[in-house]
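Asker: Produce the entire structure from the sequences given, and follow the hints as far as they go.
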Amino acid sequence: MDNTTLARATMGTSLGFHIVFAVLGVGMPLLMSVAEGLALWRHDESWMVLARRWSRAFAVLFAVGAVSGTVLSFELGLLWPRFMAFSGGIFGLPFSAEGFAFFLEAIFLGLYLYGWERLSPLKHWLTSIPIALSGAASAVFVVMANAWMNTPAGFRLSNGQLVSVDPLGAALNPSTPTEDPHMLVSAYVVTGFLVAAVYAAGLLRGRNDVFHRRGLAAGMAMAAIAIVLAGVTGDSSARFVYGAQPAKFAAMEGLYRTQRGAPITIGGIPSDSQQRVLYGIQIPKGLSFLAAFDPNAEVQGLDSFPPTDRPNPVLVHLSFDSMVGLGTLIGLLAAAFWLMVLRRRKVPLWRPLLMGLVVAGPASVGAMEAGWFVTEFGRQPWVVYGIMRTSDAATSAPALGLMFAIFIAIYAALALTTGRLLLALAARERARGAE
Amino acid sequence: MIGEAELVAGVLWLSLTAYAVLAGADFGGGVWDLFASGPRATAQRAAVAEAMGPVWEANHVWLIFMIVGLFTAFPVTFGVLGLALYFPFSIALFGIVFRGASFAFRAHGSSAVGPLSPWGVVFGVASVVTPIFLGTAAAAVASGSIRAPHGRLSSGFLDGWTSPLGVVIGLFALSMCAYLAAAYLMVENEHRPELLADFRRRAIAAAVVSGVLALIALPIAAVEGPRLLHSLTGRGLPLFVLALLNGPLALWAVWRSRPRIARGAVIAQVVLVLWAWAVGQWPYLVPPDLTISATAAPPESLTAFLFVTAAGGLLLIPSLWLLFRVFKARSPQAEV
Numbered sequence: 001m002d003n004t005t006l007a008r009a010t011m012g013t014s015l016g017f018h019i020v021f022a023v024l025g026v027g028m029p030l031l032m033s034v035a036e037g038l039a040l041w042r043h044d045e046s047w048m049v050l051a052r053r054w055s056r057a058f059a060v061l062f063a064v065g066a067v068s069g070t071v072l073s074f075e076l077g078l079l080w081p082r083f084m085a086f087s088g089g090i091f092g093l094p095f096s097a098e099g100f101a102f103f104l105e106a107i108f109l110g111l112y113l114y115g116w117e118r119l120s121p122l123k124h125w126l127t128s129i130p131i132a133l134s135g136a137a138s139a140v141f142v143v144m145a146n147a148w149m150n151t152p153a154g155f156r157l158s159n160g161q162l163v164s165v166d167p168l169g170a171a172l173n174p175s176t177p178t179e180d181p182h183m184l185v186s187a188y189v190v191t192g193f194l195v196a197a198v199y200a201a202g203l204l205r206g207r208n209d210v211f212h213r214r215g216l217a218a219g220m221a222m223a224a225i226a227i228v229l230a231g232v233t234g235d236s237s238a239r240f241v242y243g244a245q246p247a248k249f250a251a252m253e254g255l256y257r258t259q260r261g262a263p264i265t266i267g268g269i270p271s272d273s274q275q276r277v278l279y280g281i282q283i284p285k286g287l288s289f290l291a292a293f294d295p296n297a298e299v300q301g302l303d304s305f306p307p308t309d310r311p312n313p314v315l316v317h318l319s320f321d322s323m324v325g326l327g328t329l330i331g332l333l334a335a336a337f338w339l340m341v342l343r344r345r346k347v348p349l350w351r352p353l354l355m356g357l358v359v360a361g362p363a364s365v366g367a368m369e370a371g372w373f374v375t376e377f378g379r380q381p382w383v384v385y386g387i388m389r390t391s392d393a394a395t396s397a398p399a400l401g402l403m404f405a406i407f408i409a410i411y412a413a414l415a416l417t418t419g420r421l422l423l424a425l426a427a428r429e430r431a432r433g434a435e
Numbered sequence: 001m002i003g004e005a006e007l008v009a010g011v012l013w014l015s016l017t018a019y020a021v022l023a024g025a026d027f028g029g030g031v032w033d034l035f036a037s038g039p040r041a042t043a044q045r046a047a048v049a050e051a052m053g054p055v056w057e058a059n060h061v062w063l064i065f066m067i068v069g070l071f072t073a074f075p076v077t078f079g080v081l082g083l084a085l086y087f088p089f090s091i092a093l094f095g096i097v098f099r100g101a102s103f104a105f106r107a108h109g110s111s112a113v114g115p116l117s118p119w120g121v122v123f124g125v126a127s128v129v130t131p132i133f134l135g136t137a138a139a140a141v142a143s144g145s146i147r148a149p150h151g152r153l154s155s156g157f158l159d160g161w162t163s164p165l166g167v168v169i170g171l172f173a174l175s176m177c178a179y180l181a182a183a184y185l186m187v188e189n190e191h192r193p194e195l196l197a198d199f200r201r202r203a204i205a206a207a208v209v210s211g212v213l214a215l216i217a218l219p220i221a222a223v224e225g226p227r228l229l230h231s232l233t234g235r236g237l238p239l240f241v242l243a244l245l246n247g248p249l250a251l252w253a254v255w256r257s258r259p260r261i262a263r264g265a266v267i268a269q270v271v272l273v274l275w276a277w278a279v280g281q282w283p284y285l286v287p288p289d290l291t292i293s294a295t296a297a298p299p300e301s302l303t304a305f306l307f308v309t310a311a312g313g314l315l316l317i318p319s320l321w322l323l324f325r326v327f328k329a330r331s332p333q334a335e336v
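Protein chains in written order, with our numbering: chain S, 1 to 435; chain F, 1 to 336.
By construction, these hints were calculated from the structure, which means they are not laboratory data. Glycine included, each C-beta is placed from N, C-alpha and C at the ideal position. Just to be clear, a hint being listed does not mean it is correct.
Label pairs and their in silico Cβ distance ranges [unchecked claim]:
#1 F/164 with S/401: 21 to 31 Å
#2 S/157 with F/118: 47 to 57 Å
#3 F/215 with S/433: 56 to 66 Å
#4 S/312 with F/158: 31 to 41 Å
#5 F/37 with S/312: 30 to 40 Å
#6 F/164 with S/396: 23 to 33 Å
#7 F/205 with S/312: 30 to 40 Å
#8 S/396 with F/260: 42 to 52 Å
#9 S/309 with F/35: 53 to 63 Å
#10 S/392 with F/252: 28 to 38 Å
Cβ-to-Cβ under 7 Å is the rule here; a few derived chain S residues that face chain F [as the list claims (entries may be wrong)]:
#11 67
#12 78
#13 81
#14 96
#15 100
#16 110
#17 111
#18 268
#19 315
#20 415
#21 419
In silico negatives: residues of chain F with every beta carbon more than 10 Å from chain S [as the list claims (entries may be wrong)]:
#22 57
#23 100
#24 211
#25 222
#26 226
#27 247
#28 268
#29 270
#30 282
Answerer: Laid out in structure tokens, this is it:
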């Protein structure tokens with residue numbers, strides 16, 4: 001494999017690993033803060049127990065997120081030195097801001113995790129607020145940098161040389177208003193469904209106690225609100241891509257031929273040789289309508305772009321449909337859950353629903369990862385859309401294959417140990433509860 | 001001339017200093033975890049974990065801030081270093097990952113699954129490996145081995161950091177981390193005479209090793225990396241002389257078991273060495289080809305970075321003060 005492929009594989013694996021911990025770093029502090037706040041406000045010890053349990057698990061998750069995030073910041077230079085030499089000065093502003101957000105999150109998390117005995121209950125609760133805020137701010141800032149790669153703005157080139165920079169314009173590039181909110185709410189979607197999945201699994205095993213019912217309800221509350229917002233922001237994001245990154249949009253929809261009144265194709269496998277999507281379900285004029293609110297609007301197909309400028313439609317279309325499909329399914333589950341809560345005035349224990357929620361946890365992660373595949377594969381062959389090709393950005397360093405193998409081994413070890421520890425922590429909490 | 005680029009370089013060097021003084025001690029804590037011995041080995045490990053627990057993640061962020069600041073303000077230098085130091089940075093990165101993860105696994109998981117002995121060893125080994133390779137990378141920069149005329153790397157992937165000087169400075173970085181940690185642990189265990197004595201002995205050992213390595217490094221530098229010696233005896237001379245004078249003072253304070261003076265003196269030692277290097281190689285970021293002004297990002301980027309740093313600093317400094325006040329102020333037992 002060439003260096004570009006290996007660098008992409010290493011970066012992609014690192015991001016795919018880190019993002020799971022990163023979104024929990026956004027969502028868990030909010031859940032912890034709300035639970036602890038409820039405990040103080042209502043003098044309700046069970047919410048406090050939940051907050052403490054979550055904080056113990058989060059201590060491990062945050063550390064893994066912090067070190068895997070460090071990997072990414074190094075890899076920007078180790079894998080993409082030429083990309084960074086060009087872009088660093090332009091899109092560094094949000095990264096710098098993210099650095100401070102990470103600082104605040106780490107500082108207040110230290111106070112939170114180790115301060116249960118040293119701080120008064122109110123002060124302890126107050127330390128959770130900057131964690132939740134700076135976690136969300138980190139996500140917002142770092143996605144600004146990615147948005148810039150999609151719609152680079154805020155700089156002027158002359159003969160390929162950078163002549164002036166507007167860092168604020170780069171941070172607030174055209175993609176930021178749609179991509180940022182979508183990622184932020186997705187973080188809460190994943191946190192909510194993962195937390196709910198843990199407690200749904202416990203309830204299925206007959207652990208029907210107040211912690212499991214409240215844990216499930218708290219997770220589902222976050223998930224339900226966030227999944228609705230994810231749909232709204234995702235819709236505006238897709239419509240933005242239609243205008244700003246037409247090649248990505250064509251690949252997302254598997255549209256080969258530029259046409260008016262374009263149909264939308266659900267599922268199926270794009271075939272480059274036949275220049276169409278095989279086995280998909282087509283809705284006539286659906287795409288033109290969704291993209292432009294006009295059934296006869298023209299949508300650019302992949303044929304509008306030279307073959308060397310096209311993303312891979314198989315990857316992008318399947319990823320896009322996976323994201324939308326999984327997102328829709330877990331959204332329906334959330335709706336079913338809350339309808340049953342409203343009807344029965346208590347947390348439903350209907351086994352098929354709980355089983356669905358157990359699956360919804362990993363499914364929400366799948367939807368988020370698929371969304372990242374859309375963004376990243378859809379931008380190819382560019383690292384900075386229309387400005388710098390990915391193949392021009394990669395390092396010339398040797399032994400990238402070995403690095404890739406080592407990182408795979410590291411992530412496997414971290415994932416296995418984290419999983420084992422979280423299970424052990426949960427078992428200990430149950431043992432404590434039984435005493 | 002102090003322009004924005006120089007100001008930013010100063011900010012980044014300050015964060016490097018903070019990283020060395022704070023996170024360096026966390027790596028040193030890992031060293032003393034690995035070499036915990038005698039009847040109080042468990043207590044020594046517990047003291048390390050207690051000292052690091054609330055602060056190590058915040059200490060680690062200084063590194064992230066430095067990396068981000070470097071690519072924001074000096075993108076060409078960042079690209080060159082990413083290539084030239086690909087190997088030592090990658091190895092240090094593996095170390096950083098294993099060190100952080102294993103510490104968290106042990107600190108937050110061992111009560112649930114019993115002693116995580118393999119991860120305990122990983123914690124110690126990673127704490128040894130990381131400073132060594134960061135030190136070799138520093139040696140490559142300081143000795144002028146990284147060649148990048150017009151911002152394009154022309155030296156090899158092994159140049160600088162694999163030299164004898166690289167090895168000695170790597171080991172020196174490790175021993176300074178261990179020295180810092182031992183001095184901090186003396187302060188944190190003032191109220192536990194036996195542990196205080198344990199960490200005093202360790203601090204003396206680290207001081208002697210650091211001193212010997214520094215003495216070995218100077219002749220090697222004279223032969224192999226004249227640039228470094230030139231820096232230290234040129235513009236960096238006043239700070240270098242202060243470092244030479246401060247070394248014995250620090251050792252005296254450790255020897256006489258004056259933890260607070262020792263801690264201050266060891267911190268001063270690290271600061272003096274780093275700033276003697278920085279001032280010595282001024283106005284280069286990576287001598288002999290990359291200067292601060294020539295590799296700086298456009299002025300608007302520098303202004304934005306300084307603005308964010310000022311605004312972020314307004315939030316950061318009181319937060320850090322709070323963190324260290326809550327966990328590092330004199331512990332109640334010590335006042336008994």
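Asker: A separate judgement is required for each hint: does it hold in the structure or not?
Answerer: Structure-based check of all given hints:
1. Look at residue 164 of chain F against residue 401 of chain S: about 30 Å separates their beta carbons, and that is inside 21 to 31 Å.
2. Taken as a hint, the range 47 to 57 Å holds for the pair residue 157 of chain S and residue 118 of chain F, whose Cβ atoms sit roughly 52 Å apart.
3. Hint check: residue 215 of chain F to residue 433 of chain S, Cβ distance near 60 Å, so the stated range 56 to 66 Å holds.
4. The given range of 31 to 41 Å is respected by residue 312 of chain S and residue 158 of chain F, whose C-beta atoms sit roughly 37 Å from each other.
5. One distance hint, 30 to 40 Å for the beta-carbon pair residue 37 of chain F and residue 312 of chain S, is violated here, with the actual separation near 57 Å.
6. Taking the beta carbon of each, residue 164 of chain F and residue 396 of chain S are about 27 Å apart, inside 23 to 33 Å as hinted.
7. For the hinted restraint 30 to 40 Å between residue 205 of chain F and residue 312 of chain S, the CB-CB distance of approximately 58 Å leaves it violated.
8. Range check, residue 396 of chain S to residue 260 of chain F: Cβ separation about 50 Å, and the 42 to 52 Å hint holds.
9. Distance hint check: the CB atoms of residue 309 of chain S and residue 35 of chain F are about 57 Å apart, consistent with the given range 53 to 63 Å.
10. Between residue 392 of chain S and residue 252 of chain F the C-beta distance comes to about 57 Å, which lies outside the given range of 28 to 38 Å.
11. Checking residue 67 of chain S against chain F by beta carbon gives a least distance of about 4 Å; that is within 7 Å, so the hint holds.
12. The interface hint given for residue 78 of chain S is met, as the beta carbon of that residue sits about 5 Å from the closest beta carbon of chain F, less than 7 Å.
13. With 7 Å as the threshold, the beta carbon of residue 81 of chain S comes within range of chain F, its nearest partner Cβ sitting at about 4 Å, so the hint holds.
14. Checking residue 96 of chain S against chain F by beta carbon gives a least distance of about 5 Å; that is within 7 Å, so the hint holds.
15. Interface hint at residue 100 of chain S: satisfied, since its Cβ lies 3 Å from the closest Cβ of chain F, which is below the 7 Å cut-off.
16. A cut of 7 Å between beta carbons decides the hint on residue 110 of chain S: the least distance to chain F is about 4 Å, and the hint holds.
17. At a threshold of 7 Å, the smallest CB-CB gap from residue 111 of chain S to chain F is about 6 Å, leaving the interface hint in force.
18. For residue 268 of chain S, the interface hint is violated, the least distance from its beta-carbon to any beta-carbon of chain F being 40 Å, above 7 Å.
19. Restraint check, residue 315 of chain S versus chain F: the minimum CB separation of about 28 Å is more than 7 Å; hint violated.
20. At its closest, the beta carbon of residue 415 of chain S sits 11 Å from a beta carbon of chain F; the interface hint therefore is violated under the 7 Å criterion.
21. For residue 419 of chain S, the interface hint is violated, the least distance from its beta-carbon to any beta-carbon of chain F being 11 Å, above 7 Å.
22. Not every Cβ of chain S is farther than 10 Å from the Cβ of residue 57 of chain F; the closest lies at roughly 4 Å, contradicting the non-interface assignment.
23. With 10 Å as the threshold on Cβ separation, the claim that residue 100 of chain F sits away from chain S is violated: the shortest Cβ distance comes to roughly 4 Å.
24. In this structure residue 211 of chain F is separated from chain S by more than 10 Å, as the shortest Cβ-Cβ distance comes to about 32 Å.
25. Even its closest Cβ contact with chain S, about 31 Å, leaves residue 222 of chain F beyond 10 Å, as expected for a residue assigned away from the interface.
26. At the 10 Å boundary, the C-beta of residue 226 of chain F stays outside the reach of chain S, the nearest C-beta of that chain being 28 Å off.
27. Consistency note on residue 247 of chain F: stated as away from chain S, and its beta-carbon is indeed over 10 Å from all of that chain's, at 32 Å minimum.
28. Listed as outside the interface, residue 268 of chain F is consistent with that label: its C-beta sits roughly 25 Å from the nearest C-beta of chain S, beyond the 10 Å cut-off.
29. With a least CB separation of 21 Å from chain S, residue 270 of chain F remains clear of the 10 Å interface cut-off, as annotated.
30. For residue 282 of chain F, the non-interface assignment is confirmed: its Cβ lies about 22 Å from the closest Cβ of chain S, beyond the 10 Å cut-off.
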